[in-house]
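Please take these sequences and the hints and turn them into a complete structure.
Taken in order, these protein sequences are the chains called A and B.
Going by our numbering, 206 is the number at position 206 of the first sequence; the sequence numbering is gapless.
Converting from the second sequence to our numbering requires adding 291 to each position, the first position being numbered 1.
Treat the hints loosely; a few may be bogus.
With a Cα cut of at most 25 angstroms, we get these calculated SDA-like pairs of lysine to any residue [claimed, not checked]:
| no. | chain 1 | residue 1 | chain 2 | residue 2 |
| --- | --- | --- | --- | --- |
| 1 | B | LYS458 | A | LEU154 |
| 2 | A | LYS155 | B | ASN333 |
| 3 | B | LYS542 | B | ASP609 |
| 4 | A | LYS16 | A | LEU33 |
| 5 | A | LYS256 | B | THR439 |
| 6 | A | LYS256 | B | PRO335 |
| 7 | A | LYS256 | B | CYS622 |
| 8 | B | LYS633 | A | PRO153 |
| 9 | B | LYS633 | A | PHE59 |
| 10 | B | LYS368 | A | ILE38 |
| 11 | A | LYS283 | A | LEU83 |
| 12 | B | LYS456 | A | PRO153 |
| 13 | A | LYS72 | B | GLU636 |
| 14 | B | LYS491 | A | VAL65 |
| 15 | B | LYS501 | A | LEU255 |
| 16 | A | LYS256 | B | LYS491 |
| 17 | B | LYS456 | B | ASP514 |
| 18 | B | LYS536 | B | TYR599 |
| 19 | A | LYS155 | B | LYS633 |
| 20 | B | LYS633 | A | CYS45 |
Hints are computed from structural coordinates only; laboratory data are not their basis.
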Amino acid sequence: MKDFLLRYKSWGKEGKAGFLISPAFLWLLLFFLIPLGIIFVYSFCERGNYGGVNWNFTFENYKQVLNPVYLKTILYSFWIAILNTVICLLIGYPMAYYISTRKSTVFKNILLILVILPFWTDFLVRTYAWLVILREGGLINTILLQMGIIQEPLKLLFTDLAVIIGLVYGYLPFMILPLYASIEKLDPSLIEAAYDLGANGFNVFWKVILPLTSPGIIAGSILVFVPTLGAYITPDLLGGAKVMMIGNLIQQQFLKVKNWPFGSSLSFIVLIIVLALLIIYIKFGEPEVEK
Amino acid sequence: MEKITRRDFLKSASLIGMAGIIGFGSTSCIENGSSKNLFVYNWPFYISDNVIKGFEQEFKIKITYDNYSSNEELLAKLHAGASGYDLIFPSDYMVAIMINENLLEELDLTKITNFKNLDEKFKNLSFDPNNRYSIPYLWGTSGIGYNTEKVTDKVLSWQILWDEKYKDRISMLDDVRSIANPALKILGYSINTTDPGQIKEAKELLLKQKPLVKAYTSDTYVDFLKSGDVWLSEGYSGDVFQVIKEHKVIKYAIPEEGTELWVDNMCIPRGSKNKESAEMFIDFLLRPEISAEISNTTWYANPNSASYKFINPEITKDKSIYPPQEIMDKCELLKDLGEANKLYEALYNELKST
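Below is the structure:
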């Protein structure tokens, strides 16, 4: 031990750093890169009969993605992911703004805890709760019927609307938190200056606040868009599995159809899309870093 | 008696799991008076506790009993090697896969003399022609679970799942193969057809049905039948019967066009260290009174014809558990179709993406 400590001291700054990050590096290598590598290799294999793969090289799995049936699923997933991101932004921005501009830190912290609170329960359980809220004898329909606002129960569950409600509910915190961080950093004197120089409310928001908080907007949008693209519990439970998103398609390839290579190639395509978005984020997301 | 479905079990399994480690872990050491052990891996709530106790007392063999929730989970366990289990209960198509993958031990039928108690029509089934690897345990069907308060028509045919009147009150099984069964049976085709033309016709029929379907689901339909959101469900007999016990308005029907038959089987996984004890247990389970007790507890249909006289007549006379011969003749086991599975996958994908 003493020897080791002596040797450790003799290492240079970079040697020490290398030693200290090695657990993290090994962790990522073992549990992230190697599995990813396996999926990459699988995506070029032929399917085994009962799951697994046959070790013959083929491009077939990537060609198969171009089948109109699958393209439609991918496009639909994009549409849902974009819709969810936009709705989360429209709801999340005013909420984040309200929270970050509160004077009392206690009140601010309470609001932030309320945003994070849902994460204490598993996402699947919370989605099940929506099943109960939205169904025919559920909370919403019971209340509306009792108040006499509607005569017949509304069809809420197993619709696209239910899927969107579930997704917005699930991913809103991912939008609010980065927006909050961004708006928090905003210097109020810049807003005052803008007003002093004669800008109206709209212009102050559009030309000063929005550009200055754009890193938060981009970060929040990516944090919402990426997991929505891969969502599969929500369309399955709240959508009644009547439509598929990429996540459902991938899950189905692995568990139901047992076409691991095709599932792998789909996973990789999603990964590439996500990677492309992250590159965009790194390039444009954090303008402050440039200086 | 309070009944719990497989699904309910799974929901609470994680909670019970913790308690189990603490609770059962300590008791089993005390009970274990003999050196012989038997590790049994079965579906949840698929046996009677008395049967296990009876065997332990008579043969002085300690049974360790675990549960799995799907055939696929079982297969994955065996694939991973040395599962440590001595007796498993895979369904028909899974037996075929396991034989194919060389995962099962051959059974010594000379030691399992009670095999003779089985109904002839459950011997030598297509997935294991000479019962070299498997012996049927319990069986059932897929059919229609329905709400008798809401559905006024008689449920005789799969056609009712295409009736406009029940728009948004219908659920279908969300499974690549099961989803197509009703359509194929309406058209008079085999559920194991590999004719692309016939599968295409079934697809057209299913596309026509889609606007009427409230949800495709293989697990939550039970809850929706209970809550009244869904009035007609394509479902499995075992699942629906668990609902019926608590909700008398729900009934189960086997459509006259015929349907899918499933059989769960007793098998010994390759590498079992207690093969003799496992065979003794299989033989024990095939005794008429023991087999009857299992049916009386679980309400699943029994292939053991010698046991019928001990089974509650309410069960044996129920046409939705034991369909009449003319319908039985139109029922089929789901076979693994190998390459032709792709035709069904294409159907499923297209149905879901439209």
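Results of checking the hints against the structure:
no.	hint	result
1	B/LYS458 x A/LEU154	holds, 14 angstroms
2	A/LYS155 x B/ASN333	violated, 40 angstroms
3	B/LYS542 x B/ASP609	holds, 11 angstroms
4	A/LYS16 x A/LEU33	holds, 24 angstroms
5	A/LYS256 x B/THR439	violated, 33 angstroms
6	A/LYS256 x B/PRO335	holds, 21 angstroms
7	A/LYS256 x B/CYS622	holds, 23 angstroms
8	B/LYS633 x A/PRO153	violated, 40 angstroms
9	B/LYS633 x A/PHE59	holds, 18 angstroms
10	B/LYS368 x A/ILE38	holds, 20 angstroms
11	A/LYS283 x A/LEU83	holds, 24 angstroms
12	B/LYS456 x A/PRO153	holds, 17 angstroms
13	A/LYS72 x B/GLU636	holds, 16 angstroms
14	B/LYS491 x A/VAL65	holds, 22 angstroms
15	B/LYS501 x A/LEU255	holds, 23 angstroms
16	A/LYS256 x B/LYS491	holds, 20 angstroms
17	B/LYS456 x B/ASP514	holds, 22 angstroms
18	B/LYS536 x B/TYR599	holds, 21 angstroms
19	A/LYS155 x B/LYS633	violated, 35 angstroms
20	B/LYS633 x A/CYS45	holds, 17 angstroms
Violated hints, in rising order: 2, 5, 8 and 19; the structure is consistent with all others.
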